[in-house]
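J.: Sequence:
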Amino acid sequence: MSDDDVLAAARDEARAALEAARRLQAEAAEALARAEAAAAAVNAAADPDETPPEAHPSAAPSSQAPAAVQAPAVSADAAAPAAGPLAEAAVDVVRSGYAFSGPALELGALVNGEARADVPVRIPLGMLNRHGLVAGATGTGKTKTLQVLAEQLSAQGVPVFAADIKGDLSGLATPGTPSDALLARTRGIGQDWRPEAAPAEYFALGGIGTGIPVRATVTGFGPLLLAKVLGLNHTQESSLGLVFHYAESAGLPLVDLSDLRAVLTYLVGDEGKAELAELGGLSKATAGVILRELIAFADQGADVFFGEPEIDTAEFLRLAADGRGVVSLLEVPGVADRPALFSTFLMWLLADLFNDLPEVGDLDRPKLVFFFDEAHLLFRDASKDFLAAITQTVRLIRSKGVGIVFVTQTPKDVPSEVLAQLGSRLQHQLRAHTPDDAKALRATVSTYPESDYELGEVLQALPIGEAIVTVMNERGAPTPVAWTRLRAPQGSMKPTPEADREASVRRSPLLARYGAALDRESAREILARRLDAAADAEEARVTAEQRAADEADRAKDEARRAKEDAAASARRDKERAAAERAADQAAERSRRRTAPTSRSTRRDKTVVEEVLGSSVGKTLLREVVRGIFGTARRR
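Position 97, counted from 1, in the sequence shown is what UniProt numbering calls 97; the numbers after and before it change by one each time, with no gaps.
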């Protein structure tokens, strides 16, 4: 049989019990009417001006019952029940509905006009695995209810994790201070109050605040959860997964957000375009979108959360030496301004617990109870995928022995898919000052089992420290709706002093393990070194190319000068040869002019002619000509 079938059967059983209770209530009302008539006669005889007590204003018209007055036939020692919205038969139904055989947390006592210490309201310890909701307007006592639950869980040996938004929860680590008003209230609900402190461990997100620093690595966080937090679409989510895959295969550890930004910047730059092309499914435009979203996420303050050493979520499952559960309180300052940071951490923590813890089924007590204070911040502006992840986590993590209690202002802050998974509810006062508030009030009333309360009126009239309660009994069926005056915390109502919290952190064995941040080499440093090496190689290449260009220019200049010298030498040789030819021709012409014709008579040569005509004379003439043209060769 499925959980839904069991729940339906339990609801049918509860309806049958309620019908039986109504029949008993009708019989009791009839008997009460007879007793009232007799009492009226007696009172009229004793004091004609006395009027009967007024019925409780929040009672349903069909179930109003004034206080029973002692009839003549009734013993004087019998106590009359106080006036309230429930008849005594309905009170008995509540009493039996919250009587459990196994271990349970004491929530308080039924209110029916006055607190009924004889009708305790409780929640089975094992049913906290089925999750719960604590809701109510600001200032109605939600945080103190949370403190009461945490203290009792710790006493039962169940570890607790809670985000301490305002610091008020830290008071559970300091014994409470008794007062007359406090003791009178606790006596009225049957609480044996005594001051007691719970074992607490303080944590601080990213080390900002007082507590053991809580950090996570980007690699440990994973691409799917990060994509959901960044609000990426399906394509971008797949692309982010490729970036994580590339970083892992390239040996680039993603420790913090700067590492992921460095990888994305590298891939969209000139240096990484080859690797980007090899990834195939990642376009430069998509990588740019992811990078912009990542920068915006870091601007919200998320960068302080990512780093090393990464917190081991098993630290939240510890027990104190005396067997009590350790209450782990996470300080999250300014969470309203950074909701993405808050929701990111809590979802990562739950996802990490879900991945690491083994399947255990339904236990008689949870291994951990996780309180989501200010739960509306978790769901605000959440994407559909993110909500789906939360719903799945809430549904499946109970089999790992983890119970979740959402704490928020109105049930409408919690999506219906998640609200349907919450088995127990403690609803403090709701206010209906606006049409939206009135609509939320009606929606809240409609989610409760049938009861004799006018819940629309009761929920607006609840005093501080009182709540409308319905939980899951040991068979998984909802208990009767009970107006409950809640127990008082045994710890301090005020925050634990800062000095005491600092001293507790200094004494913690976790400080040595997580106190100092580690800055080992990661993707950012590796890529920076790779880019520096590439820049050095590029500079060397440019220098070599410049040197080669200079050498080429120098060789070109030398070749040009050599060519010019050769051309000049050739011109000189040509000019010299021309001059020599001219000299020879001149000498030949001169010789021919002076030579006698065949008809002339032969005469004797002059001395000059003999000299010029001789070989010595020719040589001398040639040298004279060369001297004139400046073409004499060096010897």
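Keep in mind that the hints are not guaranteed to be accurate.
[Claimed, not checked] Calculated pairs, DMTMM-like style, for lysine to aspartate or glutamate (alpha carbon to alpha carbon, straight line, at most 20 Å): (1) Lys166 <-> Glu498; (2) Lys563 <-> Glu575; (3) Lys494 <-> Glu196; (4) Lys284 <-> Glu271; (5) Lys556 <-> Glu545; (6) Lys367 <-> Asp312; (7) Lys563 <-> Glu545; (8) Lys284 <-> Asp312; (9) Lys574 <-> Glu564; (10) Lys367 <-> Glu474; (11) Lys412 <-> Asp436; (12) Lys273 <-> Glu248; (13) Lys384 <-> Glu293; (14) Lys574 <-> Asp553; (15) Lys412 <-> Glu474; (16) Lys273 <-> Asp536; (17) Lys284 <-> Glu237; (18) Lys563 <-> Asp553; (19) Lys494 <-> Asp180; (20) Lys166 <-> Glu564; (21) Lys563 <-> Asp573; (22) Lys384 <-> Asp413; (23) Lys384 <-> Glu237; (24) Lys574 <-> Asp584; (25) Lys367 <-> Glu315; (26) Lys166 <-> Asp500; (27) Lys284 <-> Asp303; (28) Lys439 <-> Asp413; (29) Lys273 <-> Glu538; (30) Lys273 <-> Asp532; (31) Lys494 <-> Asp168; (32) Lys556 <-> Asp536; (33) Lys367 <-> Asp385; (34) Lys367 <-> Asp322; (35) Lys384 <-> Glu417.
Bear in mind the hints are in silico, worked out from the structure with no lab data behind them.
Model, not experiment: these values are computed from the prediction.
J.: Now look at each hint and say whether the structure bears it out.
T.: Here is what the structure says about each hint:
Only pairs whose Cα atoms come within 20 Å are accepted, and lysine 166 paired with glutamate 498 is accepted, the gap being roughly 13 Å. A hinted pair counts as satisfied when its Cα atoms are at most 20 Å apart, and lysine 563 with glutamate 575 qualifies at roughly 18 Å. Of the pairs offered as hints, the one joining lysine 494 and glutamate 196 holds, with about 14 Å between alpha carbons and a cut-off of 20 Å not exceeded. A distance of roughly 13 Å separates the Cα atoms of lysine 284 and glutamate 271; the hinted pair therefore holds under the 20 Å criterion.
With a C-alpha separation of about 16 Å, the suggested pairing of lysine 556 with glutamate 545 holds against the 20 Å cut-off. Between the alpha carbons of lysine 367 and aspartate 312 the distance comes to roughly 16 Å, so the proposed pair stays at or under 20 Å and holds. Between lysine 563 and glutamate 545 the alpha-carbon distance is near 26 Å, which puts this suggested pair outside the 20 Å criterion. With a C-alpha separation of about 36 Å, the suggested pair lysine 284 and aspartate 312 falls outside the 20 Å cut-off, and the hint is violated.
At most 20 Å may separate the alpha-carbon atoms for a hinted pair to count; lysine 574 and glutamate 564 meet this at roughly 15 Å. Between lysine 367 and glutamate 474 the CA atoms are separated by roughly 18 Å; this keeps the pair inside 20 Å, and the hint holds. Taking the CA atoms of lysine 412 and aspartate 436, the gap is near 11 Å; set against the 20 Å cutoff, the hint holds. With a C-alpha separation of about 18 Å, the suggested pair lysine 273 and glutamate 248 falls inside the 20 Å cut-off, and the hint holds.
Between lysine 384 and glutamate 293 the alpha-carbon distance is near 18 Å, which keeps this suggested pair within the 20 Å criterion. Between the alpha carbons of lysine 574 and aspartate 553 the distance comes to roughly 31 Å, so the proposed pair goes past 20 Å and is violated. With a C-alpha separation of about 27 Å, the suggested pairing of lysine 412 with glutamate 474 is violated against the 20 Å cut-off. Only pairs whose Cα atoms come within 20 Å are accepted, and lysine 273 paired with aspartate 536 is accepted, the gap being roughly 19 Å.
Distance restraint check for lysine 284 and glutamate 237: the Cα-Cα separation of roughly 14 Å lies within the 20 Å cut-off, and the hinted pair is therefore satisfied. Pair hint lysine 563 plus aspartate 553 holds up; C-alpha atoms about 15 Å apart against a cutoff of 20 Å. For the proposed pair lysine 494 and aspartate 180, the alpha carbon gap of about 17 Å is at most 20 Å, so the pair holds. Proximity of lysine 166 to glutamate 564 is assessed by CA-CA distance (about 92 Å); at most 20 Å being required, the pair is judged violated.
A hinted pair counts as satisfied when its Cα atoms are at most 20 Å apart, and lysine 563 with aspartate 573 qualifies at roughly 15 Å. Distance hint between lysine 384 and aspartate 413 is fulfilled; the C-alpha atoms sit about 15 Å from each other, no more than 20 Å. Simply put, lysine 384 and glutamate 237 have alpha-carbon atoms about 13 Å apart, close enough for the 20 Å limit, and the pair holds. Note on lysine 574 and aspartate 584: the hinted pairing holds, with a Cα-Cα distance of about 15 Å set against a maximum of 20 Å.
As the CA atoms of lysine 367 and glutamate 315 are separated by approximately 12 Å, the hinted pair is consistent with the 20 Å bound. Among the hinted pairs, lysine 166 with aspartate 500 is consistent with the structure: their alpha-carbon atoms are about 17 Å apart, no more than 20 Å. With a CA separation close to 24 Å, the supplied pair lysine 284 and aspartate 303 exceeds the 20 Å bound. The suggested pairing of lysine 439 with aspartate 413 holds, with an alpha-carbon distance near 13 Å, which does not exceed 20 Å.
Taking the CA atoms of lysine 273 and glutamate 538, the gap is near 16 Å; set against the 20 Å cutoff, the hint holds. Note on lysine 273 and aspartate 532: the hinted pairing holds, with a Cα-Cα distance of about 17 Å set against a maximum of 20 Å. For the hint pairing lysine 494 with aspartate 168, the CA-to-CA distance comes to about 6 Å; that is within 20 Å, so the pair holds. About 30 Å separates the Cα atoms of lysine 556 and aspartate 536, which puts this hinted pair outside 20 Å; it is violated.
Straight-line distance between C-alpha atoms of lysine 367 and aspartate 385 comes to about 28 Å, which puts the hinted pair past the 20 Å bound. Between lysine 367 and aspartate 322, the direct Cα distance comes to roughly 17 Å. Compliance with the 20 Å bound is thereby established for this hinted pair. As the CA atoms of lysine 384 and glutamate 417 are separated by approximately 11 Å, the hinted pair is consistent with the 20 Å bound.
Against the hints set out earlier in the document, violations occur for numbers 7, 8, 14, 15, 20, 27, 32, 33.
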